[in-house]
Every structure is written in structure tokens, then in C-alpha cells.
Amino acid sequence: MKIVKIYEDSCVYCHLCEVACIVEHSQSKDIIKAFKRETKPIARCSAEFNYPLSYSVMCRHCDDAPCIEACQTGAMHRDERGYVVVNEDKCVGCWMCIMACPYGVIKKDERREVWGLSTKCDLCPDRETPACVEACPNNALMFEEV
Amino acid sequence: MKIVIIGNSVACINAIEAIREKDKISQIIAVSDEQSRAYSHPLLPNLVIGDISRSDERFYYRSRNFYEKNKVKTVLGKKVVGISSQNRYIKLENDEKISYDRLIITAGGKPFIPKMDGVELEGVHTLTNIKSADKLKKDLINIKKCVVVGGGLIGSKIAEKLAKHGVKVTLVELMKRVLFPVLDDTGAEYIHKELKSLGVKLILGDSVVKLDGNKRVKKAVLSSGKSIDTDAVIVSVGVKPNLEFINESGIEINRGIIVNDYMQTNIDTIYAAGDVTEAYDIVTSQKRPIPILPLAARQGRIAGLNIEGENVKYGGGFPTNSITIGKISFISMGIVDTDKLEILKIKKDGEYRKFIIDDNKLVGMILVGNIEKAGMFNWMIQNRFDVSWLKDTFLNSDFGWQYFSKAFRILRFDRKIK
Amino acid sequence: MKWMKNLKNYTPPAFKVIRDDDRCIRCKACVEQCSFDATFYDEEEDKIWNWDANCVSCDRCAAICPTEAITVETRGYSYRHNYSWGSHIDSLKKRAIFGGTPVVSMGNDKPYKIYWDHLLLNASQVTNPSIDPLREPMELKTFLGKKPHSLSLKDGKPDTRIYPQLELNVPIMFAAMSYGALSYNVVEALGRAAQHVGTFYNSGEGGLNKDHYKFQGNIIVQVASGRFGVHKPYLDVGSAIEIKIGQGAKPGIGGHLPGEKVTETISETRMMPQGSDAISPAPHHDVYSIEDLRQLIYALKEATEYSKPIIVKIAAVHNVAAIASGITRAGADIICIDGFKGGTGASPQVIRDNVGLPIEMALAVVDTRLRDEGIRQDISIIASGGIRNSMDVVKAIALGADAVYIGTAALLAIGCTMCQQCHTGKCAWGITTQDPHLSKRVNPDIASQRLINLLDVWALEIKETMGAMGINSIESLRGNRLNLRGIDLTEKEMEILGVLPAGE
Chain S
1 MKIVKIYEDS
11 CVYCHLCEVA
21 CIVEHSQSKD
31 IIKAFKRETK
41 PIARCSAEFN
51 YPLSYSVMCR
61 HCDDAPCIEA
71 CQTGAMHRDE
81 RGYVVVNEDK
91 CVGCWMCIMA
101 CPYGVIKKDE
111 RREVWGLSTK
121 CDLCPDRETP
131 ACVEACPNNA
141 LMFEEV
Chain G
1 MKIVIIGNSV
11 ACINAIEAIR
21 EKDKISQIIA
31 VSDEQSRAYS
41 HPLLPNLVIG
51 DISRSDERFY
61 YRSRNFYEKN
71 KVKTVLGKKV
81 VGISSQNRYI
91 KLENDEKISY
101 DRLIITAGGK
111 PFIPKMDGVE
121 LEGVHTLTNI
131 KSADKLKKDL
141 INIKKCVVVG
151 GGLIGSKIAE
161 KLAKHGVKVT
171 LVELMKRVLF
181 PVLDDTGAEY
191 IHKELKSLGV
201 KLILGDSVVK
211 LDGNKRVKKA
221 VLSSGKSIDT
231 DAVIVSVGVK
241 PNLEFINESG
251 IEINRGIIVN
261 DYMQTNIDTI
271 YAAGDVTEAY
281 DIVTSQKRPI
291 PILPLAARQG
301 RIAGLNIEGE
311 NVKYGGGFPT
321 NSITIGKISF
331 ISMGIVDTDK
341 LEILKIKKDG
351 EYRKFIIDDN
361 KLVGMILVGN
371 IEKAGMFNWM
381 IQNRFDVSWL
391 KDTFLNSDFG
401 WQYFSKAFRI
411 LRFDRKIK
Chain W
1 MKWMKNLKNY
11 TPPAFKVIRD
21 DDRCIRCKAC
31 VEQCSFDATF
41 YDEEEDKIWN
51 WDANCVSCDR
61 CAAICPTEAI
71 TVETRGYSYR
81 HNYSWGSHID
91 SLKKRAIFGG
101 TPVVSMGNDK
111 PYKIYWDHLL
121 LNASQVTNPS
131 IDPLREPMEL
141 KTFLGKKPHS
151 LSLKDGKPDT
161 RIYPQLELNV
171 PIMFAAMSYG
181 ALSYNVVEAL
191 GRAAQHVGTF
201 YNSGEGGLNK
211 DHYKFQGNII
221 VQVASGRFGV
231 HKPYLDVGSA
241 IEIKIGQGAK
251 PGIGGHLPGE
261 KVTETISETR
271 MMPQGSDAIS
281 PAPHHDVYSI
291 EDLRQLIYAL
301 KEATEYSKPI
311 IVKIAAVHNV
321 AAIASGITRA
331 GADIICIDGF
341 KGGTGASPQV
351 IRDNVGLPIE
361 MALAVVDTRL
371 RDEGIRQDIS
381 IIASGGIRNS
391 MDVVKAIALG
401 ADAVYIGTAA
411 LLAIGCTMCQ
421 QCHTGKCAWG
431 ITTQDPHLSK
441 RVNPDIASQR
451 LINLLDVWAL
461 EIKETMGAMG
471 INSIESLRGN
481 RLNLRGIDLT
491 EKEMEILGVL
501 PAGE
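Protein chains in written order, with our numbering: chain S, 1 to 146; chain G, 1 to 418; chain W, 1 to 504.
Treat each hint with caution, since some may be false.
[To be verified] EDC-like mimics (lysine to aspartate or glutamate), calculated; alpha carbons at most 16 Å apart, straight line:
no.	chain 1	residue 1	chain 2	residue 2
1	G	K406	S	E48
2	S	K5	G	D414
3	G	K164	S	E113
4	G	K78	G	E34
5	G	K406	S	D9
6	S	K90	S	E110
7	G	K327	S	E110
8	G	K416	S	D63
9	S	K90	G	D51
10	S	K107	G	E34
11	G	K418	S	E48
12	S	K33	W	D21
13	S	K29	S	E110
[Unchecked claim] Derived CB-CB ranges, DEER-like:
no.	chain 1	residue 1	chain 2	residue 2	range
14	S	Q27	G	I141	38 to 44 Å
15	W	P273	S	T129	46 to 52 Å
16	G	S285	W	P273	32 to 38 Å
17	S	R37	G	K327	53 to 59 Å
18	W	E68	G	K347	39 to 45 Å
[Stated by the list, open to error] Coverage of chain S stretches by chain W, computed from C-beta distances (three or more under 8 Å per stretch; other residues unrestricted):
no.	segment
19	9-18
20	78-84
I should point out that these hints are in silico values taken from the structure, not numbers from a laboratory.
Even for Gly, the Cβ is constructed at its ideal location relative to N, Cα and C.
One chain only, chain S, in its complex shape:
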């Protein structure tokens, strides 16, 4: 299964992965509109830094995903591609998945009116290569088999 492989030795900490992720998951998919006009989605990847190290990390799409096991509403599920994704309509924001994720890569989006929404990497279902991989200027993220 292909996932986004992380090559930390090439990460330049430019945050373009996060920018690309936000744009890809925005309504308009237009970079200026996504940041300036619309409610900005939460980036599913996060660039982390501890000099001189930096890398961007996002869901590893585990085979035995603890988040799926933890999610009791069935919002967190495996889609037809085999990737772990959230069904927005079912998620109630109980953060059980956050509590379970050993990678700490599930974000909480508290902007929905009643329910919070677990937000995580969905490996861009509308694209062949995930947006972050395409945006990375230094091949620090690559869409590869693990």
C-alpha cells in the first residue's frame, strides 16, 4: 500500500505541505480564496521542528489502526482504497481516536456547531498524488510503498 513516506533529511521546514493540504481540502481549492475568503480547513499534516531536525508528519494509515478500533460511531473507517478516513456525518467529536492514535496525527476541528470533527490525512481521494507530496519542494515527502 502506498502512503506518504517521510524523508526527514530533506525537509526544509517550509510548511508548503500544510499550505497544499489546506488548499486541497478547501471548498474552492484556490489558494488565495482558501486562506482569505473561506473558513480555512485544518492542515492534516504538521511540520515539526527541533533544530536541526524538521519533518512533516501525517497519518501512517496503520494496518491495525487503533483509531478505527477506538471509534465507536464508525466514523473512522477504512475506505475502498484501504486508507483510514473519517466520515464527517458520523463523527461526534468524542476524540477517542485522538486518544488512541500512537502517532498523534489526528487533529481536532471544533468549529462545527454541535459536533467536533476529527480531522486527519485522507491521502487526497481526488488526486493521484497527495497534495503535500506534490507541493514538497525537496522530495521530503514521497508517495511510496511501505
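Mind docking chains G and W on chain S? Use the hints.
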């Protein structure tokens, strides 16, 4: 094989799924005293307020056709009154008997009601199942003022929800803080502040001893002698394992049903899972009931797999809790309040982090506010990870993989090690 | 803005960063990428500011900006226009303020005449056929080293002594740039590209990191006046040994690697204490004459059992022809002549901008002199210093070079934008820095591929031009000045270059 499951909630459906993964043939019968399909208990306060309705799919754990899809026969609305382990049958309240080859008890908990006069009055509610929620919801139009007894997860949540709904809520908690077992004083401060800002009146270190009223409750009297005028009382002091029907079955019980690592009771053919059991707690190294949802799910699954002869061990669990009150979310795990072990803690703007370390192993933690990395600590507790070289970085708000050694991090990212 | 202009040491900023606020999405990529502290974000104002005085116009921010909101412009001249003083005003002020001579990097950027641009190439029409390189074989293979005077036979079999040679698939090599000046990843990329293409990269004077011994067969090792990291295994791993006498950007000047750049790995590679300045003396203190040079050449040949060609690298200076003749007679197999446009990691500005000769001139006079003396076959010539494109390579070879070195061009391929800040060690493109966070900006996978692409494309372009001239082997182009014509040159210049004027 004929498998009977008592109870129909999270442990039950996970057991069904586990069984059906391995076995499409055996007959499965789920027996429950509730009428509804498996629903989300943590959402009961939302149901009361009307955030969610019973027709909302979100309210249920599995889709409508779950039983049909998994070929499960359901016996709903029937209470189990006894088990005969010699003759392998269970007895229902209408004297009907259902025989079994294997039995899984996932009966869950029932509300613990402390001794107080007047609990039988109208307007006194509990909130542990859909029936009680419906009752409370129907009563809601009579409620302008309300006393919530017990500031646990359900108590705090319903207090928050009712306050947002415009009810004048008084929360009475016996201990010195709300959410006593899952937070410490500093962490609870955030919740106190949040509840107060919503208009909830907090009375701590006190308890309700008497409910007064004529037919309907009018007044709650506290042990300190104070009395509060009220339209309703919600008792949410806690749950205890539902063991009523176990009595003469020969199943060994303590505070809950005692199970081994395979979720098996002392009787070979009977398994138990969920809030009804007393399973191994890896942080305190003892068996005790831990009534939380993820463990019920895991135990249910393990019971199901072991019935199918898979020999899967339950590695032990520990309490993990996540709740959002107002704008504050927190997650806590394991031991949260002690003065005997090594404690690291820091309180910052809108964020509180506390870690409890025993012999270089993480045994508990509290995150308030910034909770997104909680799973990493969960993993460390679960795997008894040596944190001696890492613990100095726990208090950093940006704690993450950057503080691990490179080789370990790369292996983890590439999914080479679990 | 957090900072306050410091008038005590103020010279007007040379550049201005212009940010289109309609496009700026506050992603702060530019803030993270600026290694010169010229960009910062003010959270309260939610605005990104620039401190123009710190900007070096490396263009990293503009390149990384996802919305193309940034333009870096050269600022208009601050002072009243003055033809004779011009940039000397600032230059003078800097000396007066800081009390030191400014150190600069890259090559001479003054508007001297570039002779490459005044040389035109020939093509075949009717009287001889041109060749299509895509259909017919075209030979770029080049051997560098001393060639025999004549062939001799013994019992009907060849009995000529063949001297050690460097075999190049393209007549282009990567010039000496030391590990220390360059980051680890760049050296790695150069090595990989040289190995892939079948040419050589030069270790420079900083020794060879043990990780890079894997490039054996594609390394030229350098012995310079500092003798950093020179030992037997180092000499053995090189396919040739280069004695560096001088460098085009700073003829007659030694080298200076500041102590901050001498990190743990650099100190290990250079065999010197960590944190101490690495100083290469101006001369080799054992080479004060051609005779001394001969001793050094033969000492190195002896040490490597006469198995490797010895290169002597000199800067192009006024009597370069005579020096080259002496070097040939001293026993060198290859001479490298570095013109005054050659780059450097750090050089005093006055030297870089005023000392030396254009490579075109030096190359022509050396080739002519060696031919006149009948010793051209004893030595191969490498031209370097300001080779910018494949046509410069063709013209250099036609002027008499056997091969060329490219340094600046290779760095440009990797990402360099020639902001001339190599000496600061803060290279925003991760090329000339030892900062482990900055040096990650060069990914050796990408960089080596770009170098390979560059050499492949240049090779193809060289073949195309040779084909147009009707030449199918680079050997036939070497010193073939009949294929060159001068334009806009004085008669004397053409006489020195040995070319006819256009039209003649």
C-alpha cells in the same frame, strides 16, 4: 455452535464483529432489556437536550441493518434474570429459557444510587440508558431549576448541556472537585471555571441526603444542612457492574465479574466483557472494573475471538478519558492524582500538562487544552515504554516525534515497528 | 517592527523586498526560509515584514512563496548619480565603518569584456558535409594526461610507453570546491553525477570525507598549500592529484575557512582542531621555484607509484605562458588554468575584482606557447573560470583546451542564485553552509539528477555544434582555431587569441 450474548452495547457489537470475522455459521443471539439497537451512551446528554435525535444515525454505533448483515437474532426488551451454567441456559423475566453453547456477558453497568430519602419522587432522574434519557427529555419542560448529584463524566456533561439550554443548574459533588477520578485539582480548576462561566453553581465537598417534595421533588437537602429549591434532580454518582442475574450461577464475582486474560470467567463456556467485568489494570497492576468505552470494545472483541479459538490475550487496560466541557477539552489516562510517584507538570495559558512516571515508565497523564498528541502517551503507557531519556520534553507544548531518537522515529514512520 | 535601524554602521540597503499583500496568505514559508534574518512575522499585526538591510537578494523567499507574492528588487541608487564614484561610495564607507577589507564570494562581477561573446563558430555548407549527431556516432571521449611523442613498434607490436590518463566521457569536470566550503549534500551530489556521467569531481583542498571514498574512480584529489586532510589513502583514492598553486578568483592569496565552519566532521576530514580557522598560506612553502614544483610533483608520483596523472592548477596571470611551459617541463601531466572570472567561497574584494587574466586570453597564449616549444603533447590543458554554457566549452576547446572545469555552473544547476554570500556560511539554498538545518535544502537525489541533466544537455549541444562544423570527434576540434572568428575585437586581441576576424 450457539452463542448467546447478554447485553447489547459496545462490547456486544464488537464481539459479534469478531465472531463473524472468523465464523459465518454459528448462531448468535443478543439479549438485552433495552429496545433500541446499540447506541452511544456518551451522547445521552445530547439526546436530552435535542442536539441529536433518535433518528440520527450518529446516535448509533452501527447501522440499522447491522444485526441482519451479521445474522444475529435479537431478543430485545427482555431482562435476563438468571443463568444456569450446568444446564447451559439463561432465563428471561418471562420465564423463557434460551440455551447456549457459549455465553458472553456484556451486561454493562447500572446507575449507583446513593442512600437518600425521596429518590422515588417525581422529577428524580438518572442518565445511564436511553429510557432514562427519554424520561428526562419529556420532563424537561417542567425543569427550570435542576440539581445534578455527582460531577462525573455524565454529571458534568449534563450540567453543561442543561446550563446551555437555560436551566439553572446546581452541581453537587461529594469530593473537592468535579471529575474526581480522572483529573487532579489543577486540571479540574479549568472545568470549574468553564462550568461557572456557563452559569452552573458548584457545591463541592457536600452531598444530597434528602429530597423533599409532595409527589414531585421540590427541595434537595444537603448534608451540610443547606437546602436548594429545585424542579428536578439528576443522580449521576456513577455506575456499578450489573450483576443482579449472576447470583446463583456460580460465576465468580468480586466488584465485577472476574475474568482471565482471555476474558473467560471461572466457567469455561462463559465469557464476559465490558463494564461488567473486573479486568487487569496495567498501571495499578491489579484487577478492577474500568468502565470506559474503548476497553469495553477491546474486551468484547477479544471475547469474540477467543470463543472462536483464536487465543488472543487481553494485555490489560487502563482508564483513558476524554471529554469536552464548554471550550475546554481534556484527555487523561492512568493514574492522575498521586503524591508518591514522580510528577512532571506545567500550567500555561489555556493548557495544562501533567505526567506521572513510575520507575521510568509513564503511568498516567493529563492534557487539558492541547490534546492532539495524547495517543502517543497512550502508546507509551500501554507499551511500558522507557521514558527516562524523553521525559524532559513532555512538558513542551510542541511535544512530538522530534524528541525521539532518529532511528526509532524513522522506523516508526516507515511502519517497520509498532 | 522589532528592530531599529542602527545608524552607527549603516549603509543603504541594496535590495528591496516587495510583498503583494493581496496575494500573501501568511503561510510564513518565507520567514522560515530566510537565513539572513531579513524576513519576520509580526503576530499582533498579522503581517510579514522585511528588514531590507539584511536582504542579499538570494531569491529564496520569492522561490518558495506559494502565491508568488514576493519580488526582490535591486534598489535604485541611493546617492546622487556620480559616474566616477558610483558603487565606490558604499564600498569606501564599508571600509571606513567596519575597519576591514570586505570579503566576497563567487567570481569577479565587474563589467570586463567577455571574449567568449566575441567569438563566433563555423558551420559546414556544401563544400563539406555537416553531421547529424542523432544519426551518426559523435565522439566526446577525452583522455587527459601526457601523450607519447611518437609511436614505436617492437616485433610488429606497439611498444609505446603510455602515461597514466584520465578518461572522460564528456570534456567537462567539476572544479575544485572543498567540503567545508560546500555542504556535505552538495559534495555527495557532485560525486554521484560524476560517477553517473563518467567524469570527475574535484575534492578541493579540504580533504575527503570518509563517506565519499565510495566515489573512487571519479575523484580528483587536491593538494593545496594548507595540506588539509592529505594522507596516503587520500592520494590513493584520487584518480589524479591536483597541486593547487593558485585560484582565478584570488591569485596569490591563500584560503581562509572561518572557525565557525570547522564543524566536527569538517575537523575530522581536514585533520585539524574543531572550531579553529583553517588557513591556507598564500604560497606552498616548499615550492618557491619550478625546480621545487618538480620535486613536489615527483614526490606525489613516487607516493602513488606513477599510477596517476598530476595536475597543476594555476591562476591566469600576466606571464602565464612562461609559467605553463615551466610546469610542463617540471613533469606535470595536466595543467589547469583558472581565469579571473572563476568563483571562490571567500576572497578579498579587491583581489577578486582586479587581479588575473581572462581565461580566453590565457588559454590561447598557453596553447600557442606550448605548441611553439613543441611540448604541447606533454601536457593536457584544463580551462576553468567562467565557463557558462556549452558554447563556452566548444570555444575553449577550439582555443586549445582539452577539457574544462565548471564550478559556478554546477552550483547554479543545484540551486545557487549567485547572491555571493558563500563566505557567510548562511547560504539560503543550502549549498555553501555547514548549518545542518540549512544544508538539508539540497537533496542529493534531486541535485545529482540536475547535474546529470546539465552535463547530458551540454554534451548534446556540443555534439550538435560539432556536427554543424562537420567534426565527429572532440579531438578534431581541439586547438582548431580556424573554426573561430573574432567579432568586435581589436587586431591585437585577435592576434593573441590566434583567431581571424569575422569575414576573413
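Hint-by-hint comparison with the structure:
no.: 1; hint: G:K406 <-> S:E48; verdict: 14 Å, holds
no.: 2; hint: S:K5 <-> G:D414; verdict: 7 Å, holds
no.: 3; hint: G:K164 <-> S:E113; verdict: 13 Å, holds
no.: 4; hint: G:K78 <-> G:E34; verdict: 7 Å, holds
no.: 5; hint: G:K406 <-> S:D9; verdict: 10 Å, holds
no.: 6; hint: S:K90 <-> S:E110; verdict: 15 Å, holds
no.: 7; hint: G:K327 <-> S:E110; verdict: 9 Å, holds
no.: 8; hint: G:K416 <-> S:D63; verdict: 12 Å, holds
no.: 9; hint: S:K90 <-> G:D51; verdict: 14 Å, holds
no.: 10; hint: S:K107 <-> G:E34; verdict: 35 Å, violated
no.: 11; hint: G:K418 <-> S:E48; verdict: 21 Å, violated
no.: 12; hint: S:K33 <-> W:D21; verdict: 14 Å, holds
no.: 13; hint: S:K29 <-> S:E110; verdict: 22 Å, violated
no.: 14; hint: S:Q27 <-> G:I141: 38 to 44 Å; verdict: 40 Å, holds
no.: 15; hint: W:P273 <-> S:T129: 46 to 52 Å; verdict: 48 Å, holds
no.: 16; hint: G:S285 <-> W:P273: 32 to 38 Å; verdict: 54 Å, violated
no.: 17; hint: S:R37 <-> G:K327: 53 to 59 Å; verdict: 26 Å, violated
no.: 18; hint: W:E68 <-> G:K347: 39 to 45 Å; verdict: 43 Å, holds
no.: 19; hint: 9-18; verdict: holds (count 9)
no.: 20; hint: 78-84; verdict: violated (count 0)
Hint check: violations occur at hints 10, 11, 13, 16, 17, 20; the rest are consistent with the structure.
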